[in-house]
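Novice: Listed below are the residues making up each chain.
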Amino acid sequence: MNGGWTGTILRVNLSRGTVKKDALRLDWARDYVGGRGLGARYLWDEVDPTVDALSPKNKLLFVTGPLTGTNASCGARYMVVTKGPLTGAMTTSNSGGHWGPELKCAGYDMVVVEGRATRPVYLWIHNDQVELRDATHLWGKGVWDTEEAIRAESGVPDCIVASIGQAGEHLVRFASIMNDLHRAAGRSGVGAVMGSKLLKAIAVRGTGGVRLADPRGFMAASWAMKAKLKASAVTAEGLPTYGTEVLVNVINEHGALPTRNHRETVFEHAEEISGETLTETRLVANKACFACTIACGRVSKLPGVAADKFSVSTHPRNWRIAGEGPEYETAWAMGADCGIGDLDAVIKAHWLCNDLGMDPITYGATLAAAMELYETGAVSDAQTGMPLRFGNAEALLAMAEKTAYRDGFGDLLAEGSKRLTARFGHPEFFMGVRGQEFPAYDSRGIQGMGLGYATSNRGACHLKAYTVSPEILGIPEKMDPHTTDGKAEITKIFQDITSAVDATGLCVFLTFGVGLEDMLPQLVAATGTKYTMESLTRAGERIWNLERLWNERAGLGKGADVLPKRMTDEPIPSGPAKGKVNRLGDMLPEYYRLRGWTPEGEVTPQKRKALGLSRL
Amino acid sequence: MAKQLRIRPEKCTGCIQCELACSFVQTGTFQPARSLIRVHLFDDQASYAPYTCFQCDEAWCLTACPVNAIAISAASAKVVVDSLCVGCGLCTIACPYGTVWFNPDSHKAVKCDLCAGDPACMHACPTAAIEHVDTPAQDWLGPWAADLNTTYAEIRTGAAPAGGES
Chain A
7 MNGGWTGTIL
17 RVNLSRGTVK
27 KDALRLDWAR
37 DYVGGRGLGA
47 RYLWDEVDPT
57 VDALSPKNKL
67 LFVTGPLTGT
77 NASCGARYMV
87 VTKGPLTGAM
97 TTSNSGGHWG
107 PELKCAGYDM
117 VVVEGRATRP
127 VYLWIHNDQV
137 ELRDATHLWG
147 KGVWDTEEAI
157 RAESGVPDCI
167 VASIGQAGEH
177 LVRFASIMND
187 LHRAAGRSGV
197 GAVMGSKLLK
207 AIAVRGTGGV
217 RLADPRGFMA
227 ASWAMKAKLK
237 ASAVTAEGLP
247 TYGTEVLVNV
257 INEHGALPTR
267 NHRETVFEHA
277 EEISGETLTE
287 TRLVANKACF
297 ACTIACGRVS
307 KLPGVAADKF
317 SVSTHPRNWR
327 IAGEGPEYET
337 AWAMGADCGI
347 GDLDAVIKAH
357 WLCNDLGMDP
367 ITYGATLAAA
377 MELYETGAVS
387 DAQTGMPLRF
397 GNAEALLAMA
407 EKTAYRDGFG
417 DLLAEGSKRL
427 TARFGHPEFF
437 MGVRGQEFPA
447 YDSRGIQGMG
457 LGYATSNRGA
467 CHLKAYTVSP
477 EILGIPEKMD
487 PHTTDGKAEI
497 TKIFQDITSA
507 VDATGLCVFL
517 TFGVGLEDML
527 PQLVAATGTK
537 YTMESLTRAG
547 ERIWNLERLW
557 NERAGLGKGA
567 DVLPKRMTDE
577 PIPSGPAKGK
587 VNRLGDMLPE
597 YYRLRGWTPE
607 GEVTPQKRKA
617 LGLSRL
Chain B
8 MAKQLRIRPE
18 KCTGCIQCEL
28 ACSFVQTGTF
38 QPARSLIRVH
48 LFDDQASYAP
58 YTCFQCDEAW
68 CLTACPVNAI
78 AISAASAKVV
88 VDSLCVGCGL
98 CTIACPYGTV
108 WFNPDSHKAV
118 KCDLCAGDPA
128 CMHACPTAAI
138 EHVDTPAQDW
148 LGPWAADLNT
158 TYAEIRTGAA
168 PAGGES
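Sequence lines, in order, name chains A and B.
Numbering follows my numbering, in which position 191 of the first sequence is assigned residue number 197; successive positions increment by one, without gaps.
Numbering follows my numbering, in which position 138 of the second sequence is assigned residue number 145; successive positions increment by one, without gaps.
Read the hints as simulated data drawn from the structure, not as lab findings.
Just so you know, not all the hints are guaranteed correct.
[Claimed, not checked] Straight-line alpha carbon distances no greater than 27 angstroms define the calculated DSS-like cross-link-like pairs of lysine-lysine that follow:
no., chain 1, residue 1, chain 2, residue 2
1, B, 118, B, 10
2, B, 118, B, 18
3, A, 584, A, 484
4, A, 234, B, 18
5, A, 236, B, 18
6, A, 63, A, 27
Note that the structure is predicted; figures quoted are calculated from it, not measured.
Generate the whole structure from the sequences, applying the supplied hints.
Specialist: Okay, here's the thing in structure tokens:
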């Protein structure tokens with residue numbers, strides 16, 4: 007019995023307009039666990055790493071894990087795997103909400119989208135009924151209107167919709183795929199891939215159930231992990247009380263909150279955009295994803311006056327009603343990184359990004375880079391159409407719309423900050439790795455994050471090796487954020503473990519309260535496969551190396567593990583981490599050695615053999 | 008007075024652990040569509056309302072059943088007696104709260120039986136929004152919904168500012 011899986015995948019060819027049901031490769035599901043790993047394995051087999059990410063030859067995979075749709079705490083995730091248009095690397099963007107579980111309940115483990123439609127379509131999945139439907143009337147709509155329209159026209163109000171907004175339609179290189187209004191497969195431009203295929207949405211309604219190999223054993227294991235989450239200060243108190251936004255003040259106090267395109271690392275208005283302020287003044291309720299017992303999601307409301315404060319035209323009726331967010335990353339990217347200390351502006355811009363279907367991290371960071379270009383005189387008012395000074399909240403809102411529609415200067419912002427800064431002759435203002443912008447931790451103040459960013463397969467990312475946990479939060483044990491000792495080792499371990507967690511269908515936020523060893527018994531009981539800590543960690547390492555090998559073929563393997571000069575050569579000018587730079591050069595050789603790669607960072611034949619990757 | 012489910016919507020986060028637990032009891036799988044407790048997610052109001060049979064005293068389901076297939080159990084729950092139920096569906100229509108369902112596989116009515124006095128949904132709820140306590144059988148959802156409807160209508164029409172006091 008193949009517990010945890012339905013055993014069926016959907017293969018949708020948009021060029022031919024066909025939908026086919028295939029058997030899931032259960033051998034791959036076993037070796038790569040699911041989610042991120044399973045998607046990577048399929049992509050390896052089916053997509054040439056050198057294709058243009060926005061061409062019909064790229065494929066878009068929506069992949070669940072074996073625990074997606076179970077009552078395992080946070081068993082909500084689905085992973086979007088594709089070649090990312092922002093980076094050119096294999097990207098793995100995951101999202102919570104209810105979409106992944108609904109797909110499972112409909113009877114499918116994953117959806118493979120191929121080719122390109124000749125006119126806008128959406129995929130309709132209602133249990134056995136799977137068909138492509140015309141979406142020309144939806145094209146041009148935002149995410150929220152799209153969800154509402156599909157629910158209304160289908161007559162199935164319980165369907166869950168994953169869709170793109172105007173940003174995805176206009177091939178903004180950091181467009182996201184959104185579900186449940188505010189949940190995002192956010193990074194690397196997965197929404198642009200969907201847009202390039204003229205696929206507006208995938209709407210799912212499933213009334214079946216998720217079967218397990220050992221239901222009783224699973225329930226016992228699931229209870230055990232929930233009890234542990236309940237006992238953790240972070241997952242039982244910190245995250246439910248303040249959400250991810252709890253980090254604003256914490257990271258700022260460590261002098262590692264990137265400010266004004268990473269020119270500084272302490273933000274004078276941090277308090278105003280912090281989780282504490284949000285909770286006291288704007289929070290309506292917590293919101294949980296499917297089966298989540300943490301409920302870090304924020305639902306906030308703008309005060310009456312603030313709702314009308316900024317002149318944006320999109321979706322005015324919704325500004326007066328509650329919406330999700332902001333999250334820490336958003337508050338940072340659109341707040342501190344742009345020098346904006348106005349929480350209302352941040353909330354509104356966050357909703358705007360959600361409705362337009364655009365990654366707020368890259369959007370905020372790209373705008374920050376544009377602001378640095380503007381302030382140094384590299385771009386003029388005539389080009390931007392408005393003064394892009396740091397701290398200009400009106401510009402944050404206005405440019406979000408222009409970017410999603412590729413209108414005026416927004417057309418250049420839509421390319422992401424690497425292309426933007428290169429175009430204006432200042433590539434040194436690009437703050438990221440492999441074409442993807444940094445998230446909200448300055449690696450000069452948190453050494454391990456620098457190594458994690460530099461080696462991250464999908465470009466700079468905080469979710470693939472979150473060494474902030476030990477370096478700042480002291481989980482599982484405190485490490486000094488300013489030394490490089492042990493950082494190569496912890497980064498490698500975190501990368502492998504996180505890959506495994508991402509493959510299960512669980513949320514990586516669980517790792518604040520529990521370890522992979524707490525997830526393992528649920529995985530074993532669900533699938534019936536006798537995973538051990540060793541085999542599961544190895545599966546994580548296998549996933550990491552497979553992504554790396556694919557990236558090597560895409561030209562983003564060795565040689566791409568570099569940080570911008572600002573991180574390695576420009577000391578932090580002030581604050582608690584004053585004078586620090588990231589010492590990537592001290593960590594990288596040890597990291598390559600621990601990975602069993604060549605000193606240049608190439609995966610060796612021996613390593614491939616050890617991980618069962620020789621015959622690929 | 009007997010122990011009933013008392014649900015506090017204001018504590019609900021919308022995680023649907025209750026639905027998963029209930030469906031597991033019914034089917035041995037995780038199948039929210041088969042749950043006898045449902046969480047309605049009112050996303051744009053940040054409100055989540057779990058609802059199930061609150062074992063009302065009137066028990067129209069019981070009154071309507073033409074074959075007396077609905078009985079009162081030792082746990083004070085109105086329960087469907089499978090061996091008697093002919094699947095006519097009258098009880099599903101009679102219930103003013105819509106908390107009696109029709110099982111398309113068994114062709115019989117199905118409703119909350121309080122898990123014979125130890126409700127799985129109550130145990131599964133991470134925020135204690137579902138309690139199993141001595142309480143008069145009552146429509147806990149009615150006043151809450153009425154209150155919310157008023158507020159919501161005012162927000163939609165612009166009569167009241169979203170976000171309240173400021």
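Novice: Now tell me, hint by hint, if it's right for this structure.
Specialist: Hint-by-hint comparison with the structure:
1. B:118 <-> B:10: Judged against 27 angstroms, a Cα distance of about 17 angstroms means the pair holds.
2. B:118 <-> B:18: 24 angstroms, holds
3. A:584 <-> A:484: 21 angstroms, holds
4. A:234 <-> B:18: It holds: about 21 angstroms lies between the C-alpha atoms, which stays within 27 angstroms.
5. A:236 <-> B:18: Holds, at roughly 16 angstroms.
6. A:63 <-> A:27: Since the Cα atoms of residue 63 (chain A) and residue 27 (chain A) sit roughly 20 angstroms apart, the hinted pair holds (cutoff 27 angstroms).
Taken one by one, the earlier hints all hold for this structure without exception.
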